Amino acid sequence: MLIVYESKTGFTKRYADMLAAKTGLRVFRVKELSRITQDEEVIFLGWMKAGKIQGLDKLRKYNIKAVCGSGTGRTAEPDTETVAARNKIKGIPFFYLRGGCFPLRELKGTDKIMLSMFLKMLKSRKDKDERLEEAITIIENGFDGVKEENLEPVLEWLKTK
Numbered sequence: 017m018l019i020v021y022e023s024k025t026g027f028t029k030r031y032a033d034m035l036a037a038k039t040g041l042r043v044f045r046v047k048e049l050s051r052i053t054q055d056e057e058v059i060f061l062g063w064m065k066a067g068k069i070q071g072l073d074k075l076r077k078y079n080i081k082a083v084c085g086s087g088t089g090r091t092a093e094p095d096t097e098t099v100a101a102r103n104k105i106k107g108i109p110f111f112y113l114r115g116g117c118f119p120l121r122e123l124k125g126t127d128k129i130m131l132s133m134f135l136k137m138l139k140s141r142k143d144k145d146e147r148l149e150e151a152i153t154i155i156e157n158g159f160d161g162v163k164e165e166n167l168e169p170v171l172e173w174l175k176t177k
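The sequence shown begins at 17 in the working numbering and counts up by one.
Just so you know, the hints here were simulated from the structure itself, not pulled from any lab data.
This one's a predicted model, so the numbers in the text were calculated from it and none came from an experiment.
Yeah, the Cβ is synthetic: ideal placement off N, Cα and C, and Gly gets one too.
Be a bit skeptical, because a hint or two may be false.
Claimed, not checked - Capping the alpha-carbon separation at 20 Å, the derived lysine to aspartate or glutamate pairs in EDC-like fashion look like this:
| hint | residue 1 | residue 2 |
| --- | --- | --- |
| 1 | Lys128 | Glu172 |
| 2 | Lys77 | Glu57 |
| 3 | Lys74 | Asp55 |
What the hints assert, rightly or not - What follows is a list of derived Cβ distance ranges for each label pair:
| hint | residue 1 | residue 2 | range |
| --- | --- | --- | --- |
| 4 | Lys77 | Asn157 | 26 to 32 Å |
| 5 | Thr176 | Lys124 | 30 to 36 Å |
| 6 | Arg141 | Thr96 | 23 to 29 Å |
| 7 | Arg141 | Thr176 | 38 to 44 Å |
| 8 | Asp55 | Met137 | 23 to 29 Å |
| 9 | Thr98 | Lys74 | 19 to 25 Å |
| 10 | Gly26 | Ala101 | 24 to 30 Å |
| 11 | Thr126 | Leu148 | 34 to 40 Å |
| 12 | Lys77 | Arg42 | 17 to 23 Å |
Using the sequences and the hints, build the whole thing.
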């Protein structure tokens with residue numbers, strides 16, 4: 017078994033590296049798929065954007081045994097079942113890993129524009145609850161939720177393989 021990951025800002029890469037350190041499994045970026053065979057068992061880690069796990073589609077022909085999605089929310093958003101359906105991974109173990117993001121002021125280009133519009137939409141909502149306020153704070157100030165203990169469910173699953 018090996019680890020393949022897609023990371024844009026480094027938070028998901030940190031999880032891939034932590035998982036490799038704890039398990040001894042080899043780790044590859046999605047860009048390095050040519051270095052592995054399609055029959056090798058893969059644990060895939062990808063960052064999430066609107067419930068879609070980035071990079072996963074590039075591995076559809078590979079032997080995916082588990083998928084980890086990394087995002088800034090406390091839990092997979094909108095929920096685990098929707099994420100599984102949206103990413104066509106029903107029947108494959110899915111693990112959510114709370115990752116992180118950089119503060120809006122540090123972003124550039126399309127990411128900054130899109131997130132600025134999303135932030136404006138969130139701030140304009142009348143029905144702000146604790147989770148919405150937290151999302152606003154995370155976008156404005158950044159967040160780092162990468163922790164070794166977040167990998168525990170993945171490590172427990174691996175013990176059964």
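Could you tell me which of the numbered hints above are not met by this structure, giving the numbers in increasing order?
1, 4, 5, 8, 11
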